[in-house]
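Q: The chain contents come next:
Protein chains: 2
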Amino acid sequence: MIREICPIKIKRMTRITVAKGDGIGPEIMDATLSILKAAGAQIEIDEIEIGEKVYLGGNTSGISNESWDIIRRNKVFLKAPITTPQGGGYKSLNVTTRKFLGLYANIRPCASLHPFVSTKHPNMDIVIVRENEEDLYAGIEHQQTDEVIQCLKLISRPGCEKIVRYAFEYAKQFGRKKVTCFSKDNIMKQTDGLFHHVFNEIAQEYPDIEHDHWIIDIGAALVADSPEKFDVIVMPNLYGDIVSDIAAQITGSVGLAGSANIGETCAMFEAIHGSAPTIAGQNIANPSGLIQGAIQMLTHIGQVGVAENIQNAWLKTIEDGIHTADIYQEGTSSVKVGTKEFAAAVIQNIGQKPKQFKAVSYAKDTRLNLPKYVRKAAMKKELQGVDLFVHWSGSDANELAKMLEQFAVNDIQLSMITNRGIKVYPDGFPETFCTDHWRCRFKPTDGKSISKMDIIQLLLIAAKSNIDVVKTENLYSFDGRTAYSLGQGQ
Amino acid sequence: MIREICPIKIKRMTRITVAKGDGIGPEIMDATLSILKAAGAQIEIDEIEIGEKVYLGGNTSGISNESWDIIRRNKVFLKAPITTPQGGGYKSLNVTTRKFLGLYANIRPCASLHPFVSTKHPNMDIVIVRENEEDLYAGIEHQQTDEVIQCLKLISRPGCEKIVRYAFEYAKQFGRKKVTCFSKDNIMKQTDGLFHHVFNEIAQEYPDIEHDHWIIDIGAALVADSPEKFDVIVMPNLYGDIVSDIAAQITGSVGLAGSANIGETCAMFEAIHGSAPTIAGQNIANPSGLIQGAIQMLTHIGQVGVAENIQNAWLKTIEDGIHTADIYQEGTSSVKVGTKEFAAAVIQNIGQKPKQFKAVSYAKDTRLNLPKYVRKAAMKKELQGVDLFVHWSGSDANELAKMLEQFAVNDIQLSMITNRGIKVYPDGFPETFCTDHWRCRFKPTDGKSISKMDIIQLLLIAAKSNIDVVKTENLYSFDGRTAYSLGQGQ
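Heads up: the sequence lines are chains W and S, in that order.
According to this note's numbering, the stretch in the first sequence is residues 114 to 603, in order.
According to this note's numbering, the stretch in the second sequence is residues 114 to 603, in order.
Any given hint could be a false lead.
A pair counts as met if it fits within one copy or between any two copies, since identical chains are not told apart.
Claimed, not checked - For lysine-lysine, the following DSS-like pairs were computed, each having C-alpha atoms within a straight-line distance of at most 27 Å:
no., residue 1, residue 2
1, Lys556, Lys577
2, Lys489, Lys302
3, Lys494, Lys577
4, Lys302, Lys166
5, Lys577, Lys561
6, Lys204, Lys302
7, Lys204, Lys556
8, Lys515, Lys494
9, Lys493, Lys577
10, Lys471, Lys453
11, Lys489, Lys515
12, Lys477, Lys466
13, Lys453, Lys466
14, Lys233, Lys342
I should point out that these hints are in silico values taken from the structure, not numbers from a laboratory.
Let's have the full structure, built from the sequences with the hints guiding it.
A: Okay, here's the thing in structure tokens:
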């Protein structure tokens, strides 16, 4: 068979979607694409228009349905920064893209380039892996009393598993030694507790990679002070947002970092900085952030050699002192260049390796082994009670309790009232400051059970008694484990 | 009248509660109290026992009711660090104390002591004012589906007003020039939006103090990189937790910072570090953190002159190079001393001023003008719909929608389904990853109204149709303003 005797390696082109965005977007995208082309990236491009023009054209999401179709068909999206107009109900395209396409992982490598880019942290080389879909960023907010507004923090088992596995797979494929987890599970024992628990579980599958955990406040402080102590760090969404910005900033320039947003089917790559409209069109912007995003894209689609060549050429350009204005320093830099000239210098260096920085050398195939999430078997779930949240403008919890104790439903009783989490009944303190938002916990007396109909009955009595129930939270156990928190001070 | 002719200034003693705590607690408290006494602080002391011994004696809260009574009677509490035993359901005494006593403000000054304490940030001198009671730290968590756990973030109008006013009053009394607010109101438009809004409102009352706002991720990055750009920073609880740890860490030592926890009636003062049991009883711990806490206490109770004398003596001791082991550096320090010797050196320096550091000079009366919160008039609240959260193990939102569309209640209709916040019905994307936790929004058709009885009716139909509603969130408007968020992508 000819194919066995003489295997011809056919380079497969990958079709990608490109958006040049707003402000400095077009010029840094042109610079980046010129480098990809010169380095021999096997890509074909579909260009779409997103951002300011689309928003101002009356589309509040900043993207047309046709563009969505192209993004979804190609599955790989290289995106320049866009400008979201102020006011007018325009929605963040970044948030929507991440969520619609299920881009659960945000990966941001942050390395300092000492001594060529000024930094207080010369030995920093970390990768932040941020959960990208859930947590407080689900954006579910409700105001239900005059005084109190609520936002839901949602943490899911699949969300935790997917991001933690991503972090370990990334560490494995990119030769990283340690994965660290940040959470606040000393306070949020269930939500952050789940994240930490899943981290420990999955770490067992990667015995060659070290793992440890820090409480987010101490962890963030250590990243800010001694980033060289860390390698890969994985975090829920909000902490990841904060820590990834800290990490990028302390490298010395936020203009040098790219990020990848990875989902089960689609992926988006970008610079971390914005569209910088004040310097647009002047050929002075630094294209490095988008170049770094494009390098992550190339490793994602398996074009590892091209990625390696570009990264080494880029490192050499930086150490040659060929710098755009944002990082130019008298004495350190050798020449100040524009966007185009910087790209030309990188192209010139393709095939060369840096001498002072360590040249990168990626694994043959950097695509990660990420099986689709498979739903676990359902647990045995039992209803154990209900929290009724009441809008009440009184101040003495005992008075409210007296009203609620009248609620006679099948051995279901008021067991506790809290205000902003702290127990105020029974046995509250007069010093506790109370808002108009009271969480009233009802549970069956010992040994008795409670049903959905009992809860409806409670709501009915409340409605008839003019008790203003604004929300409910059912209390459950799963496989016998109580799955709701006690009151503070309970 | 004799009293008018010859007014005798009677120094009023302030009775305070002291807990020596665990680990290094007793020795740093003894050192601190010896300095207070030598400086002429007008205090009388009631000592209570809290912490490890009390926990292990079977009291899961780590404090007896008698001790609570003393704390509440004296209203001023100077507390050494304690050890919370691992496991066994022991509750954090710090969290409970803050919440029970309504200590809404946590104030942590963080200044570098360059060149005497090694730091990358020689010109840092900031004060973090952290909201201390609400936000995610209300600790209200519920798991209601196999896959998803929820934690409530609560932000209240009085909570925001009290902490923001505290920050501005503090700035005014301590001669600070600027108050900065951190929030994430680009994502959490209602909760963090309220915090930011109240900040802008109250800032107007302090025209002599500059004010500005940063999104928390960028703000935290700037604090980590360039803390000298900030002065006083005010934040909700979680952000404050993270940023105050960053700020303390990058001064060069977390052993030097104290913090105040202030409520409307009570206040607690402490070091920010823990009980460090491994070095306990060896006379090597640095008492500076607790000394700083005690200085905050003295300004709080109006003993400003004593506070000033101690602070200046302490600064002089540091610049004299008289250092405990934790900050001792060959070449910079002149002598390594123990806990007692450090305290003796501070006492020796009372009445003297530092020469290299700027001597402090407090206002005559540093007690802040903080009126009790007065509840606002109730707004006009209208029910506009309800979010039913459904536990459902299917994967196609259209299928769930079909079931829910059958719910015929007085012109109330299913208007949207989201999964982890992102709209999946109508017009969802197949790429969106879905968990088993579906938020199903019901609203009346145009022009119609909805009542509590309608919601109960919906729940009744759900129960009968085996739709597992695990929680509800009512949708309201206040004074005509819609007070709940849209779905992402809606």
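Q: Could you check the structure against the hints above and give me the numbers of any it violates, in ascending order?
A: none
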